[in-house]
Amino acid sequence: GAVVSQHPSWVICKSGTSVKIECRSLDFQATTMFWYRQFPKQSLMLMATSNEGSKATYEQGVEKDKFLINHASLTLSTLTVTSAHPEDSSFYICSVTNEQFFGPGTRLTVL
Amino acid sequence: DAKTTQPTSMDCAEGRAANLPCNHSTISGNEYVYWYRQIHSQGPQYIIHGLKNNETNEMASLIITEDRKSSTLILPHATLRDTAVYYCIVRVAGNQAGTALIFGKGTTLSVSS
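Chains A and B supply the protein sequences, listed in that same order. Each residue of the first sequence is one higher than the one before, starting from 1 at the first, in the working numbering. Each residue of the second sequence is one higher than the one before, starting from 1 at the first, in the working numbering.
Note that these hints are calculated values from the structure, not bench results. It cannot be assumed that every hint is accurate.
To be verified - Derived lysine-lysine pairs resembling DSBU-like cross-links, with alpha carbons at most 30 Å apart:
1) A/K20 with B/K69
2) B/K69 with B/K105
3) A/K64 with A/K20
4) A/K64 with A/K14
5) A/K14 with A/K41
6) A/K64 with B/K105
7) A/K64 with B/K3
8) A/K66 with B/K105
9) B/K52 with B/K69
10) B/K105 with A/K20
11) A/K41 with B/K105
12) A/K55 with B/K52
The shape of chain B in the complex, shown without the other chains (with noise of 0.2 Å):
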């Protein structure tokens, strides 16, 4: 799986939108940016995953660059429970069994008042 490099930490205020970036210049085409975070203590909560178009739910909004080698999640409105470590990881698509997630160091977002 290609590697990813995030900053190591970001502060936001609260109800102001976080922008989390991600770089992942040697992403393959089969491969897809998936972002999960981790609230401290617990185990980790999967929040949105891309190919190449941009993705929306009801956590967050993923932009991907148009060459793909690089993204940026989007809280709109972050809250102070949106504190914690980010991750940004690229891998196959998760139709292939057998494949664990490999976490780098993330991004720790302080959302604070």
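Isolated chain A, as found in the complex (with noise of 0.2 Å):
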């Protein structure tokens, strides 16, 4: 199966800071990775789909001007939180491949 990392696992930065969140797939080439989010006691929510070499499919209310995902390899997708705010405050976990290995996760906390 495929192994996923992501970068960093936790930041904490100010209101109104841009975070550049990582997603590696260490042993599987991905066309596709998904990226989604977890606020505290809640399930995950799909935000969006990063196709490699073209734009990113985002779902409903996932503002696409604010979370930039960037799919420039077949290894790497990043997700960049843009003005971060305390609402963004949240889990953001990627995952690859079909069989949807998930990486383990960032926490950011923006203050």
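Could you fit the two chains together into a complex? Lean on the hints.
Encoded structure:
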């Protein structure tokens, strides 16, 4: 199965700053990766589908200009939270492959 | 994808079998039953999946009823490390690229000594 890493594992930032989260597929070339977020005591919510070499597909209610996704290679997708605010504090998780192997998640806290 | 219904929470004593039910009465013929779990503050972990036959691997067993409208995930000897949220998801086979998983609320399994 695919091994997926995320960096950083946790980040604290000030309101108004931008934060980049990386998702790497270590042993699998992924044309598609998925980004989820999870608020405390809630389930995972799909944010967007990241497609290598093309634009990401965002779920309804997710602002594409706020959550910038770049999938420039078959092993790396990045999610940039622009002008982060406290309500963006969440657990961000990526996944790859059809069997949906998941990264360990990134805990974002916006002060 | 078909909707699933799971109990909100379950308790299990360490060393005993944990049986987690899932109802998926609207499942289609080409949809599989997948199980994942999420330990606190970690990404979800794939456990097992099946179409209609019972399946077993090193982690668990999956029992699917003959009419496929429900299934049970069995952890034969639960340990404290099995405490997690367990998600039952019904979806078309994983060989179709580009389809994300849709998570419900899952079952919170608490294993105690």
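Status of the hints after comparison with the structure:
In summary, the hint linking A/K20 to B/K69 is not supported, as the alpha carbons are separated by about 42 Å, beyond the 30 Å threshold. For the hint pairing B/K69 with B/K105, the CA-to-CA distance comes to about 19 Å; that is within 30 Å, so the pair holds. At most 30 Å may separate the alpha-carbon atoms for a hinted pair to count; A/K64 and A/K20 meet this at roughly 14 Å. Distance check on the hinted pair: A/K64 and A/K14 sit about 21 Å apart at the alpha-carbon level, within 30 Å; holds.
Restraint check: the Cα-Cα separation between A/K14 and A/K41 comes to about 24 Å, which is no more than 30 Å; the hinted pair holds. With a C-alpha separation of about 26 Å, the suggested pair A/K64 and B/K105 falls inside the 30 Å cut-off, and the hint holds. Restraint check for A/K64 and B/K3: the C-alpha separation of about 28 Å stays at or below 30 Å, so the hint holds. About 26 Å separates the Cα atoms of A/K66 and B/K105, which keeps this hinted pair within 30 Å; it holds.
Taken as a hint, the B/K52 and B/K69 pair is honoured in the structure, with Cα atoms around 10 Å apart against an allowance of 30 Å. For the hint linking B/K105 to A/K20, the alpha-carbon distance of about 28 Å falls within 30 Å, and the restraint holds. Restraint check: the Cα-Cα separation between A/K41 and B/K105 comes to about 9 Å, which is no more than 30 Å; the hinted pair holds. With a CA separation close to 37 Å, the supplied pair A/K55 and B/K52 exceeds the 30 Å bound.
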